[in-house]
Amino acid sequence: MAAPTTDYAYFPGCSLESTGIAYDKSLRAVFRALGLGLHEIDDWNCCGATAYMSVKETVSFAISARNLALAERQGPRDIVAPCSACFLVLAKTRRFLQERPALREKVDEALAAAELSCECRARIRHPLEVLVNDVGIAQLRAAAKRSLRGHRFACYYGCQMVRPERYFEPDREFPMAMDDLFRALGAATVDYPLKVRCCGGMQMVTNEPVGLDLTQGLLDCAVSLGATAIVTTCPMCQFNLELYQDKITARAGRDLHLPVLFFTQPLGLALGCDPAALGFEHQVVPVPGDSLTLAEAGS
Amino acid sequence: MAARSEQSTQAPGMLPQSERVLREAFLQQVERIPGGEKLRRCIQCGTCTGSCPVSYAMDLTPREVIARFRAGDIDSILRSRTIWTCASCYMCTTRCPSGIKITDLLYALKRISMDRGIHAARFPVHVLSESFVRTVNRHGRNWETGMMERYWRRTTTPVLGLVNMLRQAPLFLRLRRHGRAHVLPKRIRGIRQLQAIIARAEQIERPVESIESKPITRRVGYESIGS
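Going down the list, the sequences are from chains D and B.
Heads up: the first sequence at position 165 corresponds to 165 in the numbering used here, and the numbers run straight through without jumps.
Heads up: the second sequence at position 222 corresponds to 222 in the numbering used here, and the numbers run straight through without jumps.
Think of the hints as simulated: they come from the structure by calculation, not from any bench.
Just so it is clear, the structure is predicted and the values come from calculations on it, not from any experiment.
Hints may contain errors.
[Said to hold, decoys possible] Over 10 Å on every C-beta distance to chain D, these chain B residues come out as not near it, computed from the model:
#	residue
1	20
2	23
3	43
4	47
5	49
6	53
7	116
8	118
9	159
10	160
11	174
[Stated by the list, open to error] Here are the simulated distance ranges between beta carbons:
#	chain 1	residue 1	chain 2	residue 2	range
12	B	187	D	193	39 to 49 Å
13	D	123	B	99	16 to 26 Å
14	B	37	D	7	39 to 49 Å
15	B	157	D	37	44 to 54 Å
Cβ coordinates follow ideal geometry from the N, Cα and C atoms, glycine included.
Use the sequences and the hints to build the structure in full.
See below:
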């Protein structure tokens, strides 16, 4: 067996610099606590997201490939992309470039205009999968300094990480990685049937009634099941689920306020990271202060 | 309707010319999707529609989209609300027993519809995509504040655009208060390099052809399109 990988290239993505900044902070803290290297790709650009993909195909693959090319220059490391949309776009770019020689030729030519080239060898990976597979849940539990006992999470995986690239197969309908992780760390997780149902994505902007319908369903279900928080793996899901709770509460006629966290935040708490380093100050729906103070693991 | 009468003068089994052109453009796109040819295997079971979290808000269900394509009616698909209601969640693609890449096919249809300028210029998805692409081309990264400002301003008349923006102010201020929104954009150092890549890629991929297509309405929003 190859030696375990402990160094990764890091593609934060635009959201992690603004609306999802708590994800960036907590992810860095978690990797640091575990002694894993996270090397930000120098001068990375936007992955292109779905918006670019729906307008100009070749251009969207070319700009996405610039990131793969820059990462390669820094060394042969797997690329960690925490935003599910970036993860999908980068993974899709890599696969399409491998499977479609005609597209590859075009993208190579475009990259050559900037004196770049890309072998597309590096794998694109989501940090949840990296932590669960490369480190392992048993190791994570062993590394935990605090217990998440008392927390009751609705683990929400969303769409883009789970489905399109068959990344979590065979669990595309009901993945358990995050549930298993948090249960091992002392938390309870609710049996959340909507864990891979769509949050609405950009429909929240272009077609708000539909976006609100979808997030209302997700919040309603999590609240009904008695979750203390929804835990997400994607900045877009986190945003949609957290920022519209006033509006949703008003249209639902019942209180649907619930903290919405990035999975790296409670994980960081369990690993003994300073709560101040995990970005809780960015929560719009605050997490009760006392829930940030955890008992020692094993106590 | 013009399209109908044209169709009625066709020989049986023949498609009107505009439909043939659309069909060709669509099939070209399908060819580029790895596994796209599986489109032929549709058994019309409706698993896609049943799995879709937003099919309730569509005028054509995903199953109907494939049925209409087969029946030689891409035109009505391009004018439907369906392609713009898809949130790209890939549930249909995951569950399709025939392995059809429905989400990717809808992307292809979106591109064709955009290329052809179907729908008003202020249609939300068009403006959002255009604002997004413009922001990325300028700065190399998305600057949500600037992109959304442009979006709210451009999806309606200038005066209403101002009202729209003011309506979004509480959300923006809330994000600001929590350190989650930037007033100014951040530009990557290699912006010229990125722009060179974009310029070359655009040269390589020009739209194959473009037939005239008038926007079907001047009104904006999902309620104004489809049936």
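Results of checking the hints against the structure:
no.	hint	result
1	20	holds (23 Å)
2	23	holds (19 Å)
3	43	holds (21 Å)
4	47	holds (13 Å)
5	49	holds (15 Å)
6	53	violated (5 Å)
7	116	holds (13 Å)
8	118	holds (14 Å)
9	159	holds (21 Å)
10	160	holds (16 Å)
11	174	violated (6 Å)
12	B:187 <-> D:193: 39 to 49 Å	holds (44 Å)
13	D:123 <-> B:99: 16 to 26 Å	holds (24 Å)
14	B:37 <-> D:7: 39 to 49 Å	holds (40 Å)
15	B:157 <-> D:37: 44 to 54 Å	holds (52 Å)
Hint compliance for this structure: hints 6 and 11 are broken, all remaining hints hold.
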